[in-house]
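**Student:** Residue numbers (the numbering used here), protein chains in the order written: chain A, 48 to 448; chain B, 48 to 448.
Be aware that a few hints might be false.
Intra- or inter-copy, both count: the list cannot distinguish identical chains.
Stated by the list, open to error - List of simulated lysine-lysine pairs, DSSO-like, C-alpha gap at most 27 Å:
{"no.": "1", "residue 1": "441", "residue 2": "49"}
{"no.": "2", "residue 1": "74", "residue 2": "413"}
{"no.": "3", "residue 1": "249", "residue 2": "395"}
{"no.": "4", "residue 1": "100", "residue 2": "335"}
{"no.": "5", "residue 1": "152", "residue 2": "100"}
{"no.": "6", "residue 1": "395", "residue 2": "290"}
{"no.": "7", "residue 1": "441", "residue 2": "74"}
{"no.": "8", "residue 1": "416", "residue 2": "100"}
{"no.": "9", "residue 1": "314", "residue 2": "215"}
{"no.": "10", "residue 1": "249", "residue 2": "405"}
{"no.": "11", "residue 1": "257", "residue 2": "395"}
{"no.": "12", "residue 1": "411", "residue 2": "441"}
{"no.": "13", "residue 1": "416", "residue 2": "257"}
Since the hints were made in silico from the structure, they are not lab data.
2 protein chains.
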Amino acid sequence: MKYIKDGGITSPQGFKAAGVACGIRKKGRKDVALVYSQLPAHAAAVYTQNKFKAAPLQITEEHLQNGIAQAVVVNSGIANACMGQHGLETAKEMALITAESLQIKTEDVVVASTGVIGVPLPMELITKGIKEASRVLNCDGGTDAAEAIMTTDLIKKEIACKLGIGGKTVTIGAMAKGSGMIHPNMATMLAFITTDASIESKCLQYILKKAADATFNMISVDGDTSTNDMVVILANGLANNPKITMDGQYLEEFEAAIFEVCTTLAKMIAQDGEGATKLIEVEVVGAKSLEDARKGAKAICSSSLVKTAIFGEDANWGRIVTALGYSGAEVDPLMVDVYIGDLLVAQKGTGLNFDEEKAGEILKQKEVKLKVDLNLGSAEATAWGCDLSYDYVKINADYRS
Amino acid sequence: MKYIKDGGITSPQGFKAAGVACGIRKKGRKDVALVYSQLPAHAAAVYTQNKFKAAPLQITEEHLQNGIAQAVVVNSGIANACMGQHGLETAKEMALITAESLQIKTEDVVVASTGVIGVPLPMELITKGIKEASRVLNCDGGTDAAEAIMTTDLIKKEIACKLGIGGKTVTIGAMAKGSGMIHPNMATMLAFITTDASIESKCLQYILKKAADATFNMISVDGDTSTNDMVVILANGLANNPKITMDGQYLEEFEAAIFEVCTTLAKMIAQDGEGATKLIEVEVVGAKSLEDARKGAKAICSSSLVKTAIFGEDANWGRIVTALGYSGAEVDPLMVDVYIGDLLVAQKGTGLNFDEEKAGEILKQKEVKLKVDLNLGSAEATAWGCDLSYDYVKINADYRS
Chain A
48 MKYIKDGGIT SPQGFKAAGV ACGIRKKGRK DVALVYSQLP AHAAAVYTQN
98 KFKAAPLQIT EEHLQNGIAQ AVVVNSGIAN ACMGQHGLET AKEMALITAE
148 SLQIKTEDVV VASTGVIGVP LPMELITKGI KEASRVLNCD GGTDAAEAIM
198 TTDLIKKEIA CKLGIGGKTV TIGAMAKGSG MIHPNMATML AFITTDASIE
248 SKCLQYILKK AADATFNMIS VDGDTSTNDM VVILANGLAN NPKITMDGQY
298 LEEFEAAIFE VCTTLAKMIA QDGEGATKLI EVEVVGAKSL EDARKGAKAI
348 CSSSLVKTAI FGEDANWGRI VTALGYSGAE VDPLMVDVYI GDLLVAQKGT
398 GLNFDEEKAG EILKQKEVKL KVDLNLGSAE ATAWGCDLSY DYVKINADYR
448 S
Chain B
48 MKYIKDGGIT SPQGFKAAGV ACGIRKKGRK DVALVYSQLP AHAAAVYTQN
98 KFKAAPLQIT EEHLQNGIAQ AVVVNSGIAN ACMGQHGLET AKEMALITAE
148 SLQIKTEDVV VASTGVIGVP LPMELITKGI KEASRVLNCD GGTDAAEAIM
198 TTDLIKKEIA CKLGIGGKTV TIGAMAKGSG MIHPNMATML AFITTDASIE
248 SKCLQYILKK AADATFNMIS VDGDTSTNDM VVILANGLAN NPKITMDGQY
298 LEEFEAAIFE VCTTLAKMIA QDGEGATKLI EVEVVGAKSL EDARKGAKAI
348 CSSSLVKTAI FGEDANWGRI VTALGYSGAE VDPLMVDVYI GDLLVAQKGT
398 GLNFDEEKAG EILKQKEVKL KVDLNLGSAE ATAWGCDLSY DYVKINADYR
448 S
């Protein structure tokens, strides 16, 4: 598998994209993104588990019942969540206008929104935006689209890679947005993956769910699970590779590539968390089950007290074991080893007299790794998060205004 | 029931207390508290559900197996958690020294600690402190003891009240400490309640558990459940009232008084949360079950995004329904009404065009009430928390150093 320099969602064959400013957001910032596949593509998706599912997710779920999609339309600035019947109508309208502009079926349009909850979408502006985006769609539009889905993100998140499958080159492209209300459950913030791979529909859903669980679902910025999270993958088959199937020989390779793409995006989201100054990676090893390892890693990564300690570059490992202790993971307090970077700071649940200076050096880095060995089994998991800074409070104290 | 002005844990008959500075904490701040009952008292307790139970909790659980206690010893500054065998030995030693100083049984001593995790207790200093405290124990020592259990608390937390039971006056006193790592589960931070009531042992445990679930377990500062949480009640019977029993006529009155004492302490802890500028009270009504109401209220109260919005005095109610949506409570998104103060901002899950100026006025207050009506049933619950400010980050970025 090789990464494609400056690649994105338009790197795979047959995909075009655009990102335009329709006027929802301030200062002419791009706020409508469009992704288009020249052929109807197999599509799979995972969604937020929040009971308040935003209107666009409800419409997208309906449209993806047949497992086929040809375009994705996204607006940023307003989430179109908690708007009752009006929300559903505007989400449907977004799909309809997109379908008309691209001359495709309405039910082949994936709709997504991100931004403030409880505010009506200005349909006039959005209609204008979608029409403009459909006119300027092009093979290099990935970056514009990635920019148009950003809200408080500081860094656009796009990536692409290629791999050989049965003598053909298969390309995968992706974009995502963070960067607050990030604590996904079965799905995450917005992420869109495109590929020209030829793949069975069932296989696509299987891989996406598995990858999302191990990557997007293992990041946390603030412990809040959004109403608008979704990850969608479109596979249009234009690479003409031998079809990837559940029992075929290419499943593993393709799955590994999707995992790597999702991992990279997930880390980008965590690293660009609101107000973040550091990426935190938490590895829990020696767990009895994968579920235990995930629970433990995610609780440590989500703890406000761990996050503020990392911001303060303080080797306060007691907060790490505390989070582990309430995570719900099976833990024997007298068996747990804790590492900050590669420095062992607690062994068998007991504090060591460790080198504070070395710990300080590790904590000064932009990426801080924490490791906990439960010494109970062989399962392991990794979670990613960010520190909690003054700027997180600042950004979120006046987000709406 | 009447509150006693400036009352505390020494208000009930037969209780003495002291708080002294032994040198664990800086600048001669009090750090050892002692509470003593002139008779062995019935005792009940609830503890943290964190799997890493600090050593003093383990020793206290052992000592309270017979339901009897006569003294409570507490140190602040160091939690005596995650210190392995050494931790257990020092906790036992604290009980032993206390017993010797007061000439009571070692197993009648309740031991508690609060402060930094993973650091050994300086037993020489603590021994000196306990001996000094036992010398200065007195009937007005409640305030000194309440001060000695504080860590990052800004305000000491003590309270007392009296009520008539069967022609006799029964007095209840209490003290507690907050103010970070507050997200209790079946118990909370340190709280100690004394009473001269004559009450059945079984009854005492029943009331304490029920009261803790509705009060201490409904507060959250930062979503982190501590290793050291405990609430202990001692009842020495000196009021000479007709015994309060499970099927007797006085249970309800006494229970109501304990509930009020616990509610007041819980609110004091939430209000004094690290960096807090406002107390947040969240009421969830119209729930199908008490559990649903509690889950919903606590999730809203714990959400970083709700907390930062309140800090910023921003009527961002979308975050309230988001938290409700991932709380695990049974919710019909199209039935939910949301109030900020008494201002209805969303009805049937849909945003209203509400008076922003009025919302701003409500949010400027020191106490902000949020209410959610699920419109599904008749169960309700209240949770208390605080806003999330720059100072929370500041306090926790360098807590250890």
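**Student:** Could you run down the list of hints and mark each one as holding or not?
**Tutor:** Here is how each hint holds up against the structure:
1. 441 with 49: Neither, since 39 Å and 43 Å both go past 27 Å.
2. 74 with 413: Neither, since 31 Å and 35 Å both go past 27 Å.
3. 249 with 395: The answer is neither: 45 Å in one copy and 37 Å across copies each exceed 27 Å.
4. 100 with 335: between (34 Å within a copy, 21 Å between copies)
5. 152 with 100: Answer is within: at 24 Å inside a copy they meet the 27 Å cutoff, but 59 Å across does not.
6. 395 with 290: neither (50 Å within a copy, 47 Å between copies)
7. 441 with 74: Classified as within; 21 Å inside a copy, 33 Å across copies.
8. 416 with 100: Between copies only: 26 Å across chains, 34 Å inside a chain, cut-off 27 Å.
9. 314 with 215: For residue 314 and residue 215, the Cα distance exceeds 27 Å both inside one copy (29 Å) and across copies (65 Å).
10. 249 with 405: Neither, since 49 Å and 52 Å both go past 27 Å.
11. 257 with 395: neither (33 Å within a copy, 35 Å between copies)
12. 411 with 441: Cα proximity of residue 411 and residue 441: in one copy and across copies (23 Å, 17 Å).
13. 416 with 257: Close inside one copy (24 Å), not across copies (41 Å); limit 27 Å.
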